[in-house]
Amino acid sequence: MKAKVKLSILLSSVLIFALMLAFPGTFSSATAEPLPPIKVGIVQSVSGMVSDFALDDVEGFRVKIDEVNEKGGVMTKDGLRKIELVLRDNKLKPDIAVKNAKELILEQKCDFLVGCISSGVLLAVSSWCKENKVLIWGWDARTHHATQDRGHRYIFRSSGNTWMNGHAAAYYFKDKPYTRWGFINPDYSYGHSEFEAFVHGMKELKPGFEIVTEQWPKLGTTDFTPFITALMAAKPEAVYTSLWGTDAMTFIKQSKGYGLFKRMKVCGLWWGMPLLRPMGQEMVEGIYAMTEAPFTYPGSPENKAFYDAYKNRTGRMPSDYSLLGYHAASFVVAGIEKAGTAETEALIDALETVCIDTIAPAGRICVRKCDHQCDYGATMGITVKDPQWPWFVLKDIEVIPGAPTMRSCEEIMAERAKAK
Amino acid sequence: MEWGDFFFQFLSGLTTAMIYFLIAAGLTLILGVLKIMNFAQGGIYMLGAYTTYTFMKLFGGTNLGFCMTLIIAPIAVAVFFTILEIVLLRRFYEQTALYILLMTYGILIATYDMARMIWGWIIKTAPMPPMFQRPVEILGRFFPLYNVFLIFMGFFMFFLIWFITKRTAWGRSMRAAADDREMTAALGINVPLVFTGVFGMGAWIAAIGGALVAPMAGMAADMGIEGGIIAFIVVVIAGLGSLPGALLAAFICGEVQAFGILVLPQFAIAFMYLVLVIVLIVRPWGLFGKAVIIK
Chain A
0 MKAKVKLSIL LSSVLIFALM LAFPGTFSSA TAEPLPPIKV GIVQSVSGMV
50 SDFALDDVEG FRVKIDEVNE KGGVMTKDGL RKIELVLRDN KLKPDIAVKN
100 AKELILEQKC DFLVGCISSG VLLAVSSWCK ENKVLIWGWD ARTHHATQDR
150 GHRYIFRSSG NTWMNGHAAA YYFKDKPYTR WGFINPDYSY GHSEFEAFVH
200 GMKELKPGFE IVTEQWPKLG TTDFTPFITA LMAAKPEAVY TSLWGTDAMT
250 FIKQSKGYGL FKRMKVCGLW WGMPLLRPMG QEMVEGIYAM TEAPFTYPGS
300 PENKAFYDAY KNRTGRMPSD YSLLGYHAAS FVVAGIEKAG TAETEALIDA
350 LETVCIDTIA PAGRICVRKC DHQCDYGATM GITVKDPQWP WFVLKDIEVI
400 PGAPTMRSCE EIMAERAKAK
Chain B
0 MEWGDFFFQF LSGLTTAMIY FLIAAGLTLI LGVLKIMNFA QGGIYMLGAY
50 TTYTFMKLFG GTNLGFCMTL IIAPIAVAVF FTILEIVLLR RFYEQTALYI
100 LLMTYGILIA TYDMARMIWG WIIKTAPMPP MFQRPVEILG RFFPLYNVFL
150 IFMGFFMFFL IWFITKRTAW GRSMRAAADD REMTAALGIN VPLVFTGVFG
200 MGAWIAAIGG ALVAPMAGMA ADMGIEGGII AFIVVVIAGL GSLPGALLAA
250 FICGEVQAFG ILVLPQFAIA FMYLVLVIVL IVRPWGLFGK AVIIK
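Chains A and B supply the protein sequences, listed in that same order. If you read the first sequence in numbering that gives the first Met the number 0, its first letter stands for residue 0, the second for the next number, and so on. If you read the second sequence in numbering that gives the first Met the number 0, its first letter stands for residue 0, the second for the next number, and so on.
I should point out that these hints are in silico values taken from the structure, not numbers from a laboratory. Backbone N, C-alpha and C fix where the C-beta goes; we use that ideal spot for every residue, glycine too. Watch out, some of these pointers could steer you wrong.
Some chain A residues flagged as far from chain B (calculated, every beta-carbon gap over 12 Å) [to be verified]:
1. V97
2. D174
3. P176
Pairs of lysine-lysine residues, derived as DSS-like cross-links and limited to a Cα-Cα distance of at most 30 Å, are as follows [what the hints assert, rightly or not]:
4. A:K76 - A:K394
5. B:K56 - A:K310
6. A:K173 - A:K368
7. A:K81 - A:K310
8. A:K90 - A:K38
9. A:K261 - B:K56
10. A:K303 - A:K173
11. A:K303 - A:K81
12. B:K56 - A:K384
Between the sequences and the hints, there should be enough to build the whole structure, so can you do that?
Dropping the structure here:
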């Protein structure tokens with residue numbers, strides 16, 4: 000291990016040296032400038048299973064930061080300061096992420112951290128940050144524990160969480176005629192959280208709500224056929240699932256053959272943008288799906304500007320994840336401007352009351368002071384074929400405001416007190 | 000719940016069983032003849048799926064394209080692993096079993112990284128061929144035609160392997176080499192060649208399993224590890240090296256899982272392991288295996 004660390008230090012110093020040789024102008028001008036840049040450390044899993052999504056987060060964040068830097072930087076008490084990003088890959092491993100966090104803060108002298116696509120990583124980095132009084136801004140990882148029972152002063156999150164997403168789906172379905180629900184969710188903490196949140200919301204909002212079957216295939220199942228027949232045998236009116244990625248794809252392909260989508264309505268929680276693209280024409284029409292940022296909506300000029308900037312930068316179309324990154328950057332920049340500094344405690348105080356205008360249907364979203372969770376509104380729609388795109392899109396889009404789906408401050412504080 | 004639901008659950012279980020059988024059949028064949036545990040089997044299955052994806056993209060996802068892919072992709076994978084056997088594995092047969100375990104495990108990890116390098120991390124799926132895109136109606140319910148095809152292919156492969164091993168000259172030398180390597184070699188049969196052939200055939204069967212799964216599932220590089228574990232469970236329940244045992248064990252695993260899901264969904268995943276535990280306690284040598292008495 001030690002040898003590895005040494006090697007990586009050696010390699011990075013060689014790299015920095017090479018960069019200095021390659022771009023002498025940039026570095027000398029940087030030293031000549033009176034104000035040093037604000038350094039932001041990114042803790043993200045850019046290699047591994049979720050690397051594509053994870054890179055979208057990072058690139059979206061970069062688009063906003065580039066915007067700011069082009070204008071000369073962000074206005075602080077001392078004047079304009081540019082923002083510099085330092086990215087470290089944690090390969091989805093919490094222990095590597097904590098090591099990265101330490102290195103970013105102690106050696107790279109970053110002012111604060113952003114990132115995390117995996118819940119496990121966010122929880123690990125968050126507890127390190129709590130101990131060391133370092134600000135961490137979560138942009139994607141969804142476990143509600145991070146801002147509820149395990150929340151603290153030093154963590155913020157701009158994306159929604161499992162509690163909010165499940166409740167948003169319940170809000171959406173309270174006026175729909177389905178009461179007999181079947182469930183199929185991946186058998187690990189994420190699947191259970193989404194299930195519990197939705198069931199909790201439905202029990203409150205929908206009279207006559209009934210669970211007719213619960214299926215728990217494990218993550219990475221390649222054969223869903225017995226689950227599908229069991230689901231159909233229970234004859235639910237609608238099915239709720241938080242299966243995602245490969246699992247969701249396999250489930251859809253196999254369910255089609257059984258005519259499942261003709262017999263019952265299906266709500267695929269995260270079958271919005273992240274799944275529509277890889278599924279292409281194999282997707283099914285009439286599925287309820289959630290997303291936080293459908294890229295064709297609302298078609299505002301800001302939306303279009305982001306789309307173009309993103310495409311110029313990366314050569315790809317933005318995804319939901321790119322928007323999550325972009326919004327996280329908007330918050331951070333707004334916070335620094337308000338505080339006039341990137342100093343941790345002052346920045347936290349400023350961030351606690353920051354609102355931004357998103358370029359997603361969610362509209363204006365704010366940080367909630369008590370738990371540092373943003374009220375990012377979710378968007379539900381129905382899948383439909385669109386000749387304009389090589390994949391399906393969502394129609395009849397409805398925005399569910401974030402605030403009513405959040406757990407109350409009193410409940411969260413009571414949970415935190417209990418956790419201690 | 001009507002009895003039709005039970006029948007459908009049975010059919011679903013049968014589909015699962017056939018996938019299990021195809022992954023396990025190659026393993027049990029290699030184990031029976033070469034007497035080695037091939038950890039790479041799951042990786043072969045995974046590569047079979049990925050090459051199917053590539054070939055189907057090449058041929059454009061038509062019916063003919065699918066048929067051609069089903070022939071070409073598994074052979075391509077089998078050839079690749081046959082070369083690996085000649086270059087890497089062959090020299091370790093006479094060594095202690097540990098070397099082979101490490102080597103095949105190493106190959107598994109290598110295939111995993113190879114798949115990631117070639118196909119990347121984005122989830123892939125091969126298109127469903129048009130001829131299978133309609134369901135058949137059984138008891139007023141829909142059953143995917145592709146699953147019918149899969150069940151047929153499972154039985155077809157069983158009889159094909161059975162025929163090759165029991166009714167052909169090559170199969171006879173295979174069985175002879177399995178029984179007594181030295182005596183077979185003394186009779187003028189090229190034993191290393193037979194071994195290479197068996198390894199290649201084992202790889203081919205697993206790759207067919209992967210190829211058949213490709214149009215119905217999403218692919219990820221780690222499906223090989225998952226597939227490998229199931230293959231081991233099936234082979235252990237079957238009795239090491241027994242082909243009919245593998246079919247029966249796959250059938251039991253598939254159906255136990257299917258009905259577990261129907262009756263007690265919260266514990267569904269445990270049922271297969273429960274069968275494994277019971278077999279290991281009651282008949283440690285497996286359903287069709289021979290008891291070995293160690294003196």
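Taking the hints in turn, this is what the structure says about them:
1. V97: At about 23 Å from chain B, V97 of chain A clears the 12 Å cut-off, so the statement holds.
2. D174: holds, 29 Å
3. P176: About 24 Å separates P176 of chain A from the closest Cβ of chain B, which puts it past 12 Å; holds.
4. A:K76 - A:K394: violated, 46 Å
5. B:K56 - A:K310: holds, 26 Å
6. A:K173 - A:K368: holds, 29 Å
7. A:K81 - A:K310: holds, 23 Å
8. A:K90 - A:K38: This hinted pair holds, its Cα atoms lying about 22 Å apart.
9. A:K261 - B:K56: Status holds; Cα separation ~29 Å.
10. A:K303 - A:K173: Not OK: K303 of chain A and K173 of chain A at ~33 Å, beyond 30 Å, violated.
11. A:K303 - A:K81: Holds, at about 25 Å.
12. B:K56 - A:K384: holds, 22 Å
Of the numbered hints given earlier, the model fails hints 4 and 10; all others are met.
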